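Start from chain A and add chain B according to the hints.
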Amino acid sequence: MWRFFAGKGAQYLLVVVLTVAMNFVLPRMMPGSPLVFLAGEDVGFLTPEQRAQLYALYGLDQPQWRQFATYVANLARGELGYSFQRGRPIAAIIGERLPWTLLLVGIALILATLIGAAMGALAAWRRGSTLDLGTLGVAMFFESVPSFWLGMILIAVFSAGLGWFPIFGAGTAGVSLTGWALVVDRARHLILPLTTLTLITIPGTFLIMRYSMLSVLGERYITTARAKGIAERFVLRRHAVRNALLPVATVFMLNLGFIVGGATVIETVFSYPGIGRLLYEAVLNRDYPVIQGTFFIITISVIVANVASDLLYPLIDPRVRRG
Amino acid sequence: MPFPLPRPRFALGTVGWIGLTLLVILTGTAVFAPALSPYNPEETVADPFRPPTRAHLLGTNDIGQDILSELIYGARISLTIGFLAAAIAVGIGTTVGLLGGFLGGRVDTTLMRAVDLVLVIPFLPLMILLAAYLGPSFWNIIIVIGILVWARPARVIRSQVLSVKALDYVEAALALGSRPGRVMVRHVLPAVLPLALAQFILAASNAILIEASLSFLGLGDPTAKSWGTVLYYAQVRNAFLSGAWVWWVLPPGLLITAATLGFAFTGYSLEEVLNPKMRGQRGSS
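Taken in sequence, the protein lines are chains A and B.
Going left to right, the first sequence walks through residues 1 to 323 as my numbering numbers them.
Going left to right, the second sequence walks through residues 324 to 608 as my numbering numbers them.
Here chain A stands alone, though its shape is the one from the complex:
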């Protein structure tokens, strides 16, 4: 088991190292001055003295290894650099945006896992029925739908058309709300992006649960349980679903990177002020330091989630502990 963690730990560390290295190399490798990528395209208008100052500020006059050491040291202190376009440190910008994404992604993941697993178990139990084939078709459809397009359609129908929900943002601007009114306002803004992200996340869980459940239902201990005369719903709940859930837990984490990516486009559609929307705004403005900082934070979050799942997995599956 320790070997397992050592191997995985080394792998995650490698991902972090590669991410850091890529963020360091990319602006310096591109044609033209790295200043353009670090400080923005406006550097073209600066006087030579100002440019030299900026050059020194970024340490670009120093040897490469020295620059890299400074870069890593800054990252370790949580300094992600400075966005000249926004005139603020990147860590502060991301700190403001991250909670919104965590809220959106967190709730969507929980909802999608619960709904997907329940539907998958039911579909497998009624294998070949209209219910099974119907849900399978719907799942395949939502797996193939572009997430941002689904969001646009939901806005067109429910916000612009019916006027049930606000069109953009995470809260009503220009009014100060407190208490219950604040919660309701935030929730109303959250519902459509949340629905979109949940809908596109369900199929993955559903398909894995259905497959896992099908193979579990073919196991001998299920036949034994049935032969003992245990009621069908107990066989399903106590014997089958519990074991079938294990691969779902794995996929849950594996999908995290994918879901964060999905959140990026969905936040863009709904102008939801999360980290994904920040990434989009940075791309639009060619604000390279922000693109890099955001990517770095997203990667770190995904790795933290993976580590957490590796540590939790033995708790839900005792076989891993013994193995």
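Keep in mind that the hints were calculated from the coordinates and are not lab data.
These numbers were taken from a predicted model, which means no experiment stands behind them.
Taking beta-carbon pairs under 7 Å as the criterion, some of the chain B residues facing chain A (in silico):
1) L440
2) P448
3) L452
4) A455
5) Y456
6) S536
7) F539
8) L540
9) F563
10) V572
11) G576
12) I579
13) T580
14) L584
Just the calculated beta-carbon pair ranges, DEER-fashion:
15) B/L490 to A/S215: 24 to 32 Å
16) A/W180 to B/T418: 58 to 66 Å
17) A/P99 to B/R502: 53 to 61 Å
18) A/L57 to B/L457: 25 to 33 Å
19) A/R77 to B/R509: 50 to 58 Å
20) A/K228 to B/T350: 51 to 59 Å
21) B/L485 to A/G9: 23 to 31 Å
C-beta: ideal position from N, C-alpha, C; glycine also.
Here is chain B on its own, set in the frame of chain A:
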């Protein structure tokens, strides 16, 4: 016959045929775009923001281009990017899977570690980062997608290589003194190629969806409009806040879905026919 034998499954099944039909229609549209399309998609042919009329079945966009023509030509861009990106991905995936599975040992461990590594990275944000640096262009999108979606094909191919390697004819070839490299290319590779085709089709499905996302974020080539790029402009011009969504937003999204589904259905069915162990996994039995 007293005992009816189970019929061997070589047919694609209903799902496979639906997928293949969708692909044939969409590919046909792409190939015959100049003949099918009523207007030149790059020309301003009417007033901007026109609702559908008999002359312009899906209306016009923000600069007066015919949306229907845009979508017909968009099939070319979207499908080409999907095919080429999938070709790169499956090329890398097959090489990695073949080398890892056949050579085994340290090579295999290292390659599979790389596969796990790629699977952990949040790929859409990484693609956004790379595409932002490389700049929006047709080829950059293809390369960025291609070099990031090879991991799943590599895994599937590797497991198939492992089972082929255990077959008698491979052992016989090695016993007869064929060099391992030759056995790998002449005997093992042909055996996994059909599966590589299935993986190619699935990767294309994936690539089309990713391309749509990247283009929607404004990272697509503005001179070669794909379906995703059409949606990008619809979003920028707030088409989904007016009635225009019915003819400007709905059709391109349905086309992307149809292409993704077409590839996915065909790929899954093919995978099932080729690899009976996977039968029932996607439930299209």
